[in-house]
Amino acid sequence: MSDNRSFRESAGTLENLLSSSPVLRVVNFHSTPRSRDREYREQIARLGKSFSAVSEADLDRYLATGQWHKAKPGVIPAIYEGYRNGYDVIVPLLEQFGLIGWFFVITDFVKAPPAEQLAFARAHDIGIETLEYPDGRYALSWDELREIGRHHVVASHARSHVLLSALDQAARESEVLGSQQDFKEHLGRPVRTFVSFGGPEYGVHPATDKLIDQAGYQFVFSNLKIQRLREWA
Amino acid sequence: MMRRRNALTAMISGLLGSIWAFISCAPLRRDNSHSTAADSETALLAKQLEQDLALLARRNYAEEGIPMFLVCENLASKDRASTRKNSAPESVALAQELRRNADALILNQPNATEAEIPKILEVLAERDFGMTLSRRADER
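Heads up: the protein sequence lines correspond to chains R and E, in order. Per numbering that gives the first Met the number 0, the very first residue in the first sequence carries number 0; after that it's consecutive. Per numbering that gives the first Met the number 0, the very first residue in the second sequence carries number 0; after that it's consecutive.
Quick caveat, the hints were computed from the structure, so don't treat them as lab data. Take these hints with a grain of salt, some might be off.
What the hints assert, rightly or not - Derived CB-CB ranges, DEER-like: (1) P88/E <-> D124/R: 34 to 42 Å; (2) G148/R <-> Q95/E: 15 to 23 Å; (3) Q95/E <-> H150/R: 51 to 59 Å; (4) S5/R <-> L74/E: 18 to 26 Å; (5) G148/R <-> A56/E: 29 to 37 Å; (6) Y60/E <-> E230/R: 31 to 39 Å; (7) P109/E <-> G126/R: 29 to 37 Å; (8) D36/R <-> Y60/E: 13 to 21 Å; (9) A87/E <-> A56/R: 15 to 23 Å; (10) S34/E <-> G126/R: 45 to 53 Å; (11) E184/R <-> A87/E: 35 to 43 Å; (12) E94/R <-> S34/E: 52 to 60 Å.
To be verified - No more than 20 Å apart at the CA atoms, straight line, and that leaves these computed lysine to any residue pairs for SDA-like: (13) K71/R <-> D59/R; (14) K48/R <-> K118/E; (15) K71/R <-> E89/E; (16) K118/E <-> N3/R.
Idealized CB from N, CA, C, for every residue including glycine.
Starting from the given sequences, assemble the full structure and let the hints guide the process.
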């Protein structure tokens, strides 16, 4: 006998949510090696032709009002983990084709010494299939992040890419509050957006939610949602 | 070819349009023609969905750009309906497509779990603004 109740219930819940909520197109990238440059160029060129860039202010307005205010719909290229090739390969393409990238950065990856970054990646579920940097630096540098932050969005993907609900309170604080502290220290400002490893939404794990509030993040990205939690001062 | 914001709606109406055209050539039977048409539409969709899911499963998530739709929620407003009441027809079309494809998936996978839901949304996103499925169409 078939049992697809959880499937039907979840589909129904999402259908109801979709039919009464705005949606946004997102393209999720991880490592973007130069060997795939042509493929990324074609994809980003197509996106740039049909869609508009989404800044934090655009997202804020869209979620606050439910109204998209540009002629073409928005698209968010979301670049996860903080790979160096996001800066080397994707940023020039985004700028050529007029899009704003959202860079979700694991701050301990960035802080790891270059000689240890591959090992850090292997130990923290950060996929690196293409080995392309002989100097061993696979993460973005803070200088690159500061430059990215001038035209694109820098966001927190916590400190070390672990399941927050499985951690003790001190470790969870380090991930959520500590990563925000890292950004304040190195970018000179807090970041507005947070995403957890595994993509749980805000509202499913109260201890994590409390820390997200405490850190002051405005937006939470998850597997199926973008949530706006508060006004941004 | 990249499809635009109304592509989803066009896709739905295109698919429905072709189905209705097919039905219009069949002898009119008022008793069960409606459910038969719906069944054959779901069967067609199930086949297409199965093919699309198989194709998308071969993508390299570590290095490819993966399109997805995300639902936007405004938890900051006491009146959460302020966002919802303005939701676009596009969201409604997407919700309908999700329902149709969820019904179709059950045909292929009677024991499907909720873990399949994001995959359906990925298929819808690929059909709307992705490259993998359009490349396949170009190759035909």
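Of the hints stated earlier, which fail here?
2, 3 and 14
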